[in-house]
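S.K.: One line per chain: the protein sequences are A and B, in this order. For the first sequence, this note's numbering gives the first residue as 1, with consecutive numbering after it. For the second sequence, this note's numbering gives the first residue as 1, with consecutive numbering after it.
Honestly, the hints are just simulated from the structure, not real lab data.
Just so you have them, the derived chain B footprint on chain A, three or more residues with Cβ under 8 Å: (1) 9–20; (2) 27–40; (3) 88–98; (4) 107–115; (5) 125–134; (6) 148–154.
Below, simulated DSSO-like cross-link-like pairs (lysine-lysine); rule was C-alpha separation at most 30 Å, straight line: (7) K2(B) / K42(B); (8) K2(B) / K108(A); (9) K2(A) / K108(B); (10) K59(A) / K42(A); (11) K108(B) / K2(B); (12) K2(A) / K108(A); (13) K2(B) / K42(A); (14) K2(A) / K42(B); (15) K42(B) / K59(B); (16) K2(A) / K2(B); (17) K42(A) / K2(A).
Ideal placement from N, C-alpha and C gives every residue a C-beta, glycine not left out.
There are 2 protein chains.
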Amino acid sequence: MKLSSGVEWALHCCVVLTAADRPVPAARLAELHDVSGTYLAKQLQGLSRAGLVRSVQGKSGGYVLTRAPEDITLLDIVEAVDGAQPTFLCTEIRQRGPLATPAEACTKPCPISRAMGVADRAWRAALRETTVADLARDVVADNGPTAFDGIRAWLTTPDSRN
Amino acid sequence: MKLSSGVEWALHCCVVLTAADRPVPAARLAELHDVSGTYLAKQLQGLSRAGLVRSVQGKSGGYVLTRAPEDITLLDIVEAVDGAQPTFLCTEIRQRGPLATPAEACTKPCPISRAMGVADRAWRAALRETTVADLARDVVADNGPTAFDGIRAWLTTPDSRN
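Required output: the full structure, derived from the provided sequences and hints.
M.R.: Structure, rendered in structure tokens:
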């Protein structure tokens, strides 16, 4: 079971957007991360549909976070890009085959589905514990208080914009 | 992010094998669950490679659990079928692009990778909490003390064997 690489890209973009003091074009985010602009555009559209980023139109247009980094969790981003469907899909195997449990006897989810659901919820709860603000803080803790200065300057240098 | 359907099938097979008092052929397990024998054979091979089941050869051959159901966790089965690779793969995006962090400065995993790793470990820890014995107990709790009697009888009726 593996998350798409789009999740990694989207997480990096959200952290970078905390440093920007103006909208950042999708192409600029792709260039900064050295990733495919086309594929990144899809992830940004996912973030946008989920209401985590907003596209500002115009000459100085681009993407901005729609809310404070404290209010965007890893789960928000993972679900925006990868969808919110559970990791385990129960296909009601117990209702199949020669010894099938009758549908009317299946008044609650199958024990296997329940146990897998517990694990799914533990994963999501952990993702909900960390926000984009936490990640940005960790970047500063790892790389020093000026960690975002170069990124901010680069993102907002007009003549290097795509 | 979604687990393969093989995980669901393998979980059901392991629970069913707790009820069997002799080896159960793969075809019989496929018939019981009304699933593709070819695809189920692959999952059983995965369980076998992971040392969770063992194939007994011969006329009355088939699969048996290699250890007590108390000693087989959901995580064992999930990793046997779906692999043990982490759900989040860090491709070191921080080391790419015009503002790349030099490799020598990356002395610990990226903050994003660390946070995603915490969630991955929470998921695995929850999967490790439940054993095949717990699942079998829950099946009895849901369906009554005779829940496995019909399955055991069906699995071990020689003339209905494939």
